[in-house]
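Colleague: Chains as they are written, first to last, in the numbering used here: chain A, 2 to 376; chain B, 4 to 241.
Note that these hints are calculated values from the structure, not bench results. Ideal placement from N, C-alpha and C gives every residue a C-beta, glycine not left out. A portion of the hints provided could be inaccurate.
Have a look at the derived ranges for each label pair, beta carbon to beta carbon [to be verified]:
#1 A:Ser314 - B:Ile28: 53 to 59 Å
#2 A:Ala351 - B:Asp146: 45 to 51 Å
#3 B:Gly41 - A:Ala351: 52 to 58 Å
#4 A:Ile260 - B:Lys93: 49 to 55 Å
#5 A:Tyr337 - B:Glu134: 56 to 62 Å
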Amino acid sequence: MISLGLQILRYDRAKYIAMVMAIALASFLIQNQASILVAFLGMSGSQIKDVREANLWIMEPDTECFDQAKPLRDTALQTVRGIPGIDWAVPLIKVDTNARTDDGKLRTVTLLGVDGTNRIGEPRMCIGSASPIYLKGNAIVDPGGWELLFPGTSYTPGRSIRIHDQWLTITGISNASPPFTGLPVLHVSDRTAKELIRGETRTTTFIVGRTSQDPDDLSKYISRATNWRAYSREGFQTQSYTFYEGQGVPMIFYITIAIGLTVGAAFTAQTFIMFIKENARGITMLKVLGVTHGQLAVMLAAQALMVMLLGLSLGTGIAAFVTESITSIPFLRGLYIPWQVVALCSAFMALISAVTAAIGFRHVTQLQPVTVFRS
Amino acid sequence: MTSPDSTAVSCHGIRKSFGTGDTKIDVLRGIQFEAHRGEMTFLVGPSGCGKTTLISVIAGLLDPSEGKVSIFGQQLAKMTSRDQILFRRKNLGFVFQQYNLLPALTAAENAAVPLLAAGVNRSTAVKRSKEILDRLGMASRADNYPRTLSGGQQQRVALARALVHEPRLIICDEPTAALDHKSGESVMELLATSAVHPDRAVVVVTHDNRVFHFADRITHMEDGIITHTEQNPKLQAA
Ligand SMILES: Nc1ncnc2c1ncn2[C@@H]1O[C@H](COP(=O)(O)OP(=O)(O)O)[C@@H](O)[C@H]1O
Ligand SMILES: [Mg+2]
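Let the hints inform the model, and build the full structure from the sequences given.
Modeller: What follows is the structure, encoded as structure tokens:
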């Protein structure tokens with residue numbers, strides 16, 4: 002009966018293709034939008050994740066996420082170093098500032114000042130070495146940042162940018178994770194950073210440290226005992242993620258996903274009902290010939306499952322292809338479709354096809370066998 | 004003479020009305036009807052006299068308002084709906100005026116449906132249906148889709164479908180009405196030669212008097228009642 006059902010489905014090629022396409026489109030929209038959303042929000046933790054050595058982050062109470070950070074008083078470092086359970090603690094400078102490239106373009110950049118003695122927070126490199134940044138006037142930039150500062154050119158040593166009347170030479174390309182803000186990420190030494198932001202009274206944005214205790218417990222203790230905020234490395238990533246989530250960033254994605262789901266579901270169900278109605282006489286005939294409702298349910302389930310599997314595979318394929326293609330955009334590099342997104346999308350599609358099959362089945366149960374005698 | 008145990012279908016006091024109040028119509032008004040194994044019984048009468056309604060009741064597809072139907076001694080009305088379906092699947096074959104073939108299936112697949120419904124595997128079912136199609140002169144058309152077949156050929160596929168599971172009762176409603184005389188004659192010929200069997204009863208509803216000579220028994224119906232029955236009209240004609 003299953004193969005019979007599939008044969009009947011395939012015979013109505015137009016509706017068959019239309020339903021597969023509807024599921025494919027919905028699957029594509031959901032996977033594409035959800036993975037961009039996850040990747041996008043995930044970027045809010047990029048620079049936290051990149052400081053691999055630290056498992057503890059301490060900041061001003063007003064600082065709610067990495068990108069909107071207010072500097073700490075300079076005496077904070079000594080206090081933090083005195084807290085029991087802290088193995089080590091170093092300052093990390095983070096400031097967004099305007100820069101002018103050597104060919105005259107104005108760009109806002111994120112400047113990260115790495116502690117010169119411990120080199121904590123030094124990024125992994127794509128091209129060149131990180132060492133030159135500890136010499137005055139040198140900086141390294143992330144690949145997306147290079148593209149924004151010097152569009153269309155490949156890396157050449159010696160290009161420079163100017164910040165507050167001081168020139169910085171780009172000596173390499175880092176492998177820094179793409180930031181949520183989309184701004185170029187420049188790594189310099191803490192000394193260079195302090196000179197560039199001369200005049201500010203506070204320079205330390207974060208204190209990053211390490212503990213061998215449970216970092217979540219210790220950070221809770223610090224938050225209670227001082228008036229700073231403290232997080233574990235993962236805790237601060239989650240905090241930054243939830244901060245943007247709370248800012249309504251996901252709304253536009255949710256809307257697109259909801260449209261994908263609604264249109265996919267409505268169109269598929271509608272088309273399936275039309276398919277049932279057009280085949281009503283044949284289905285009624287099957288009932289007269291002794292095909293039970295149970296057998297018909299299996300038939301409809303097989304049809305709905307077939308449409309779902311084909312549509313889902315096609316949609317996932319397209320989503321994967323599109324994701325692969327758009328990772329060349331610097332801002333979206335590292336974009337991928339998490340398996341959770343595929344699983345969630347499959348669950349949605351399974352639900353749509355189950356509901357569709359159920360609605361179809363309800364129509365089928367209402368077909369009266371006696372009508373086959375009427376022309 | 005027919006012995007009592009040769010009775011395949013027996014109807015007693017069947018009444019059926021549709022609607023209520025002013026719009027109520029009494030379509031069957033106390034029907035006594037019998038069909039016997041080994042015979043082809045014709046049910047004839049003017050259009051609208053209630054023939055289709057009666058065979059729908061016999062097949063268990065329509066509940067009578069009153070009266071009792073038994074098929075091979077069993078009353079469908081007393082069965083659960085599932086048992087009715089299983090009974091129909093095993094014991095009944097149908098041929099309609101509209102051939103009622105599934106357009107998505109080939110001739111052989113269409114004819115195999117009763118076997119597939121009974122859980123016979125596909126290749127065995129199709130093989131059996133091809134054997135029947137062969138007997139009905141349709142071997143070369145077994146893999147054709149209904150839309151590529153003529154009316155007479157489609158009706159032969161429908162006939163194969165009615166025979167494939169070797170049911171004990173075959174019910175035909177105006178099987179020749181949509182066909183020209185020649186095709187109608189040959190379908191009736193095939194029905195008489197392939198369907199009639201000592202253990203099987205065949206009931207044919209028709210108002211096509213050109214095919215009356217195929218009948219073993221003709222039951223005349225008019226305005227919801229059986230008027231009279233002729234036995235062995237073939238012998239009488241001879
Ligand atoms: N479901 C129904 N509702 C109302 N009237 C019906 C219904 N089915 C049949 N009839 C009426 O019953 C009468 C007999 O119909 P039918 O059994 O099809 O006659 P026949 O097959 O002899 O031409 C007709 O007048 C028809 O309109
Ligand atoms: Mg009729």
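Colleague: All hints are to be evaluated individually against the structure, with a verdict given for each.
Modeller: Hint check results:
1. A:Ser314 - B:Ile28: 53 to 59 Å: Roughly 55 Å apart at Cβ, these two residues keep to the hinted range, so it holds.
2. A:Ala351 - B:Asp146: 45 to 51 Å: 36 Å, violated
3. B:Gly41 - A:Ala351: 52 to 58 Å: Once the Cβ atoms are compared, 55 Å apart, the range 52 to 58 Å for Ala351 of chain A and Gly41 of chain B holds.
4. A:Ile260 - B:Lys93: 49 to 55 Å: Once the Cβ atoms are compared, 51 Å apart, the range 49 to 55 Å for Lys93 of chain B and Ile260 of chain A holds.
5. A:Tyr337 - B:Glu134: 56 to 62 Å: This hint holds: roughly 58 Å between Cβ atoms.
The structure fails hint 2 only (numbered hints given earlier).
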